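Keeping their order, the protein sequence lines are chains A and B.
Its first residue numbered 1, the first sequence is counted upward by one per residue in my numbering.
Its first residue numbered 376, the second sequence is counted upward by one per residue in my numbering.
Derived from the structure by calculation, the hints contain no laboratory data.
All figures in this text were calculated on a predicted structure; none of them were measured in a lab.
Glycine is no exception: its CB is placed at the ideal position from the N, C-alpha and C atoms.
Mimicking DSS-like on lysine-lysine, the simulated pairs with C-alpha atoms at most 30 angstroms apart in a straight line are:
1) A:K326 x A:K140
2) A:K326 x B:K609
3) A:K77 x A:K65
4) B:K440 x B:K452
5) B:K701 x A:K234
6) B:K609 x A:K322
7) B:K452 x B:K539
8) A:K322 x A:K140
9) B:K697 x A:K234
10) A:K322 x A:K77
11) B:K515 x B:K697
12) B:K609 x B:K440
Distance windows between CB atoms, simulated:
13) A:R260 x B:I669: 27 to 33 angstroms
14) A:M351 x B:G484: 54 to 60 angstroms
15) B:P537 x A:M351: 42 to 48 angstroms
16) A:G366 x B:D665: 55 to 61 angstroms
17) A:A21 x B:N480: 52 to 58 angstroms
What follows is the residue order along each chain.
Number of protein chains: 2
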Amino acid sequence: MDTPIAATYSLPEPLPLDSGAVLHGVTIAYQTSGTLNESRSNAILICHALTGDQYVTGTSPLTGKPGWWSGVVGAGKAIDTNKYFVICSNVLGSCLGSTGSGSINPATGTPYGLDFPTITIADMVRAQERLVTEHLGITKMLAVVGGSMGGMQVLQWAVSFPEKTRAVLALACSYRHTAQNIAFHEVGRQAIMADPDWRQGRYFEHGVRPTKGLAVARMTAHVTYMSARALQQKFGRNLQDRSAVSYGFDADFQVESYLRYQGSSFVERFDANSYLYMTRAVDYFDLSGDYGGILTRAFSPLPRYCIISLSSDWLFPPAEHKAIVKALNGIAANVSYVEIDTDRGHDAFLMDVPQLHAMIARYLDGSAAQFGIVS
Amino acid sequence: MDTPIAATYSLPEPLPLDSGAVLHGVTIAYQTSGTLNESRSNAILICHALTGDQYVTGTSPLTGKPGWWSGVVGAGKAIDTNKYFVICSNVLGSCLGSTGSGSINPATGTPYGLDFPTITIADMVRAQERLVTEHLGITKMLAVVGGSMGGMQVLQWAVSFPEKTRAVLALACSYRHTAQNIAFHEVGRQAIMADPDWRQGRYFEHGVRPTKGLAVARMTAHVTYMSARALQQKFGRNLQDRSAVSYGFDADFQVESYLRYQGSSFVERFDANSYLYMTRAVDYFDLSGDYGGILTRAFSPLPRYCIISLSSDWLFPPAEHKAIVKALNGIAANVSYVEIDTDRGHDAFLMDVPQLHAMIARYLDGSAAQFGIVS
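Given the sequences, and given the hints that come with them, work out the whole structure.
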């Protein structure tokens, strides 16, 4: 039970997308941990962030390192795999096992590249629902949980499939991407597309990869994942392996060296076109969009909602979360909201923040108790 | 008197730099407006920001548009050229008339490129002091005024040449660049250097320019110049010339179109290597650096200090300014501090913000009155 199981599911039916396109031959890569109980009621789906993957716990075969949320998910952890059956799937359009722009286009026999249709958060959730219902045979989950882009998927689940889960926990996210956030994504995309090795998205045909552009995109994004205070506390104006500035363009400062490392290590594990698709999905996310801009109308009264924000998260500030709570109050939903006090910025949702972990554990265990779910 | 005068000054003596290098044949391009009074006491030096120029008022010959601070500087304006003799010079290392990396290296007869020495804020001020004292024959100015990188120069004037000015007004700046700000600059530099047309800084020899990289650098920086709220109010999620998203990578959103325009128009007027040098000068700025990190020790008791912050400026937040005021209080300096309430972010210092303009006018006119300076 301690070792998660990685698998793939090939959807037998085509998947219709928000764009109007229909995808054939979709594969979803996923991981499960823990044991599904007899009544199939103890499942928790975890949704990953922009460049995340299905390896939420255990050892990631991609990196050889612990899964991205192994501090939260595992035996005896906040999301306890001794109690719950935990599912995490690589989102549609990513590059880490599920179908995406690097997959073979059945119509041409070559990778899609930019012929891959644009994916939305709702499309990702649609594919997840197939996996959960059709393949895993789960008709009602205990909870759907996620942060950042994962939190957007959580909210989308509540809107698209409210009957399929008893609870949702959305963390460090928003119900719609703001202008500033679209702007930062656009900078990243322009950096990728400015790289001549991008080759209009057909780089794989030329044996090259737009690593420089992708690294710049990641560096920009990474700055937004940390708070100004966290950067100041961690690096300040400390110099990197030198006692004085070089009077040049070397990485004199630790923060420069750190950022360059973030860029160069990212390109090892992520695909440039998929980065375009993932950022676009997030930009397009506006849960109120189909409801005349009135978010309240989007929601159904699910049994339980939990919304968690991080005080120093400037990518998805607390105010964005309060707007969700306000909308949920408009349908008298059972919603709890907490703002976790942390200096560490957006990425704190991935870090060891005991208050956050305790909050997640209490919410899920409380929900399980309320609904009489036993492992 | 209404038409500003543009000129250049070639320093007769070499200029020693913080890096240890010595620059020969330095030219400083500058503009003056108004009339120097008989006692040569009504001069105000205005210091420009990162990519600014000497054309602070009147019509810029570079753009054909009004000078960058013509809302503040001019006849009857907050900095009234009917009363004051206003000087503004293009900083050393820029590309708009003063000596920079695009200038001819006397040692080789070809442009410097990256052989140009790294410039600091103190070096810029050193060159300005030569212009003001040596060339214009002004031994004591009424004030030195500037915002952003211009504000850094103002603070540097107070430290390097406290006897040369009666007052300083530093706006929307910091006494040292923070880790977050260095990080954003580094992203911009990496974007430029990632552009194959940069050619290790020798692009001019190849008849190309790294416009794509420079545009990405500018786009990143531009996002930091506006507040999240200003971007949301101005653009929100409004679409650009369309009624629905394209499900693709066009500039669907107004904010994307706006940013792309900011990038493409910037490359028309600014040089990529100079952008590297300007950002580096700002990164290196730490007024407390030579004083064991104790800012108070850097300052002398100038007659009058004025520090102004902008409430929604997240590039140089009010807290950065309060640290300057605190340090000045440590020498019992005559300092006034005000935080201007604005939603418009860092760039508000360049905009029509009446409260700000009134504050600048009162401070300068009050200083002139206190010191018995007549025009």
